[in-house]
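Position chain S relative to chain U; hints supplied.
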Amino acid sequence: FYLTPPQVNSILKANEYSFKVPEFDGKNVSSVLGFDSNQLPANAPIEDRRSAATCLQTRGMLLGVFDGHAGCACAQAVSERLFYYIAVSLLPHETLLEIENAVESGRALLPILQWHKHPNDYFSKEASKLYFNSLRTYWQELIDLNSGETTDVKEALVNAFKRLDNDISLEAQVGDPNSFLNYLVLRVAFSGATACVAHVDGVDLHVANTGDSRAVLGVQEEDGSWSAVNLSYDHNAQNEHEVKRVRMEHPKSEEKNVVKQDRLLGLLMPFRAFGDVKFKWSIDLQKRVIESGPDQLNDNEYTKFIPPNYHTPPYLTAEPEVIHHKLRPQDKFLILATDGLWETMHRQDVARIVGEYLTGVHHQQPIAVGGYKVTLGQMHGLLAERRARISSVFEDQNAATHLIRHAVGNNEFGTVDHDRLSKMLSLPEELARMYRDDITIIVVQFNSHVI
Amino acid sequence: AAGMFLRLLSDVRWQAAHPKWRRITCSWRSTSSTAEPAPVPLPAEAQVVICGGGIMGTSVAYHLSKMGWKDVVLLEQGRLAAGTTRFSAGIVSTGRHLSLELKMADYSNKLYQQLEQETGVSTGYVKTGSISLAQTQDRLISLKRIASSLNVMGIPCEIITPKQVAQLHPLINIHDLVGAMYVPEDALVSSANVSLALATAASRNGVQIHERTSVSHVSIQKGRVTGVETDRGQIKCQYFVNCAGQWAYELGHSGKEPVHIPLHACEHFYLLTHPLKEPLASNLPTIVDPDGRIYIRNWQGGILSGGFEKNPKPLFTEGRNQLEIQNLQEDWDHFEPLLSALLRRMPDLEALQIMQLVNCPESFTPDMRCIMGESPTVRGYFVLAGMNSAGISYGGGAGKYLAEWMVNGYPSENVWPLDLKRFGTLQSSRTFLRHRVMEVMPLMCDLKVPRWDFQTGRQLRTSPLYDRLDAQGARWMEKHGFERVKYFVPPGTDLLDLEQSKTFYKPDWFDIVGSEVKCCKEAVCVIDMSSFTKFEISSTGDEALENLQYLFSNDLDVPVGHVVHTGMLNEKGGYENDCSIARLSKRSFFMISPTDQQVHCWAWLKNRLPDDSNLTLEDVTWKYTALNLIGPRAVDVLSELSYAPMTPEHFPSLFCKEMSVGYANGIRVMSITHTGEPGFVLYIPIEYALHVYNEVMNMGQKYGIRNAGYYALRSLRIEKFFAFWGQDLDAFTTPMECGREFQVKLEKGMEFIGQEALLEQKQNGVYKRFTMFILEDHDTDTDLWPWWGEPIFRNGRYVGKTTSSAYSYTLERHVCLGFVHHFDEKTGEELVVTADFINNGDYAIDIAGQRFQAKAKLYPFSSLFAQRRRKDEEELSGYQRE
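Those protein sequence lines, which keep their order, are chains U and S. With my numbering, letter number 109 in the first sequence gets 552, and the count goes up by one each step, no holes. With my numbering, letter number 749 in the second sequence gets 828, and the count goes up by one each step, no holes.
So here's chain U without its partners, still in its complex pose (with noise of 0.2 Å):
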């Protein structure tokens, strides 16, 4: 089975989809130009999701990744919610003030985000007024605490996450009259997802990280040669402060056994996410809900095992870190991705070939002629081979799908090989999950110009 490279392009390319912030007269004053997304589904249906919008009420912008697993139902709850709890985390007292006045008097509600979504990025239409009565006591919360203080970008985005798993697992607790959407809550629940979010207002960019997706900086250095910086930290085994957090919320008895064979109780790969109350709720609650629940979720065997050592839950949490940076004249570009991407490539790499494809320099260096004696004839033959190599690369207008052609069609060479492309593509639905997972990128391009 071969795929033509045009049947290879059109698999990579379903999903891209790209935003420009738009230029007054002539000048983006924006310090996002804007971003390119792109996601290749390695399970059916793909369980990774991915947001943008533009916060319309404060400034900034949000950008994140979500990797869902045990199902994409709270990756997809989380893709649609996480950033109205954002934005209404970050809103002033008096805005949250009207919003409320809005809602109470029937009145238009003032927009709160302006989202940049792909056809394919869809919204539950049905769950909607749930989420949104959730929302609203959230910002009635809000209102009736008003601290005076001015919101710290931090504070609000780990009030954000932590109140929406709370939300979460609440719902799932309560349920709902309608069948449909008590099953759909329960299901939220009991799936779960990483976030990994990007907060991007003038020069500070604020990453806010839960699980083992990852956001990493571009940086241009005074070479033009490119590197990455890590922005945020992965909550897994690898990351021995996790290890160490994990086994501190625990009795010492339990230490052998809350991380095991690189596992949260040695099922779990993230250490952080949100939903999977399995991990979270005690065991009383989870036979109690299930009971309760619709005959789906007791015939499901997944959501009816409980761990084992679980003694003293919670096990998981959805609090992100959150690492603040101030953009800097070389810092390029910000790639968000979920574990698929940094699985099959270094960061440095990432950074390298993103950089050089943003920059439309497709070698590793440009050539400057300095000191050295080079004749007109050498130049000639030298460019003409470099014209030569970069041939393939022009075939994508967006950085997101150049990359997965990289991460999925790289050779030992590190450059894309269509054979291997055509072959990682044509998998059969099952067998694709072996050999490589679903990868979410957003890579946000920064306005140099700005900064």
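Careful, some of the hints might be misleading.
[Stated by the list, open to error] The calculated lysine-lysine pairs, modelled on DSSO-like cross-linking and capped at a C-alpha distance of 27 Å, are:
| no. | chain 1 | residue 1 | chain 2 | residue 2 |
| --- | --- | --- | --- | --- |
| 1 | S | K702 | S | K736 |
| 2 | U | K816 | S | K356 |
| 3 | S | K702 | U | K463 |
| 4 | U | K699 | U | K769 |
| 5 | S | K389 | U | K463 |
[As the list claims (entries may be wrong)] The calculated label-pair distances, taken between Cβ atoms and stated as ranges, are:
| no. | chain 1 | residue 1 | chain 2 | residue 2 | range |
| --- | --- | --- | --- | --- | --- |
| 6 | S | S692 | U | H892 | 45 to 53 Å |
| 7 | U | V812 | S | G380 | 43 to 51 Å |
| 8 | S | G571 | U | Y445 | 49 to 57 Å |
| 9 | U | S571 | S | S692 | 54 to 62 Å |
| 10 | S | E429 | U | H789 | 38 to 46 Å |
| 11 | S | L177 | U | N673 | 20 to 28 Å |
If you are wondering where the hints come from, they were derived from the structure by calculation, not from laboratory data. Every residue, glycine too, gets a C-beta built ideally from N, C-alpha and C.
This is chain S only, laid out in the frame that chain U set:
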């Protein structure tokens, strides 16, 4: 690296220590070690402040001071000649398409040649000559057209064979050449030194020069320049000249009242090499290989070679405070195609060692022509910038014209093609400029064929019928941002694609336009003419009439409902505008002028109408859609739609009336067509446009109505000997010179602008005469088509140039319009041109070096048309009876 270049390109260094500029020749080293002297304080007041010490600013200062304006201050933010001027390749070439540009370059060349002697500053002037190569026959045609122009200007120039090229230059590979143009008097200069020489001469004449002084903004009061704010204090002044090069756009926008100067800089690359083993002679001709997109000149025993690539890189430095141009990054990969072209042209250079790839900014404008003149909104604010990489070639001439403009009120040549007022605010969006300059820069080397249209920055201004017409096969061109139909491609017709339809010969739309013309002659056509500039002038009392009578040469005190064709003349009697004015009521007038008059005419009227609250001038261009119904059946269509008789008895020619058309009321109908054919123009409030268009098309069906475009209009008006402003008429043409005495009422009982000049011409005769030429031995299918700018020969002697041309489908011949002069055979002095002189001569038109016999006429073939039409009408009515 920048320091090195200063050393390489200029041997002269300057110091501002002495109040009057003194030349100090010393090596760059000793200068660089000299401590910066304390700056001389700025004067509090000056007549003129020039901003920019590049070739343009110094040239303007030089010429102003020569013409007697000594109270001039020149401010430079960095050092003199340190911007684009410093990096210029220093090629002075006169082979230009536009005769005005050609004259500027020729003047510059002559100025630079004697500049060293005049100033004592070494300018590096070497007369090398230049060779422009043609790799294709079309390119050779293009070069031959330029050669014809150069020859009649008295500039030596010849078309040579590839073999001759090889004799003139030892390194050139001639195998792919079909010919070349050799201009032996073209030259090389050190551009920075030319600029410094001009500055030296200017400063000797009293101009004060201040370096390291940057202008923050220009102060404006009541629409006039009053002073300049700098980082070193204020200078009061009456005139400001913006010669800020690539910064001119920002500087224009820095004040409270923006002055829009549409230009944008692109990176420009050229290569410098070490000397050859046997160093190249310094008088070796410069090579221009437009098909390879490169130029090559000798440089210090080696070569300097750059070009204009297909994928230019616009600069993004706007708004940055950059005192001098830093050498931008070298980009070899970007230069690769140009390097290939260079090695293909001169294969022996393979072993030559590279010194450096220079990247310097060059400013480009939306139409590839430089920007000169006074701001339409701020009096006393002059501009000279946007040289499209020909700053050295134009520097002298452009500076001279601008100085003349400031001192005398107008230059000695018609500079409308370069006038800042050809642009409006609509060309100054940054996005537009970025997109357009990316098209303009490659165009420097592209073949310039007739009827070329820009592809970028389009669909900015459109008629409400745009989509409708587009769906019917309209092909578009653009004027002043407005989309206008060229012609309609009938369904099922395949035209060549754009690239292929570039031709100097018969174009592929020939038959299409022919059938549109036929329909105009025999039935009726609709042309959307919404782009025309439309003003309304009204007053509470008689102010409108009184002022218009003074501003226009024809008598406007006509009964209400009459339309008057009239010139808007300058003091010399020349056409500043040519328009049709309808008297809507006793106190209000509706004025229609060419599309590109929107800014110029507005400024002209604003500056001359009194500041009187009773008098209002309004630009209503956007309020009306104009449909031109041309043809004998227009009468029938309109009378059926309006239930009103439209025959000449009820609706005579040159008449205007508001009436209803279909359901729509208040349509201004005028019995003019701009072509000499019968018909009407409907001025329709835009919300009715679609309705009226639909009604006209439906009703017109039985009369054979169809859409037509501007090419048909053009053919019709040219065969009827109708002159158009901007093409045939300009500020240096009077009504007397183009047979329009009847549009001038010298005895209308009121003084008007230009009256004296016209009276004098009436008594003493004119020195040029607008003439119509019908090409005799020209084969439309196989010969080169005339365009405009072709030299006219009378009895073998050059007498003038054509201004427009078209194929007349009625005469089945090409018609050229142009001006005939009478140069004294011995002295070259201009003599009076009489009708006899025109009529008694054998004429030929030179198209790219080939001369075609032509018959000259001073009046259109009115009798022929009348007969023909009557005959056609008989045929048509006979057909209908059947």
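query: Which hint numbers doesn't this structure obey?
result: 3, 4, 7, 8 and 11
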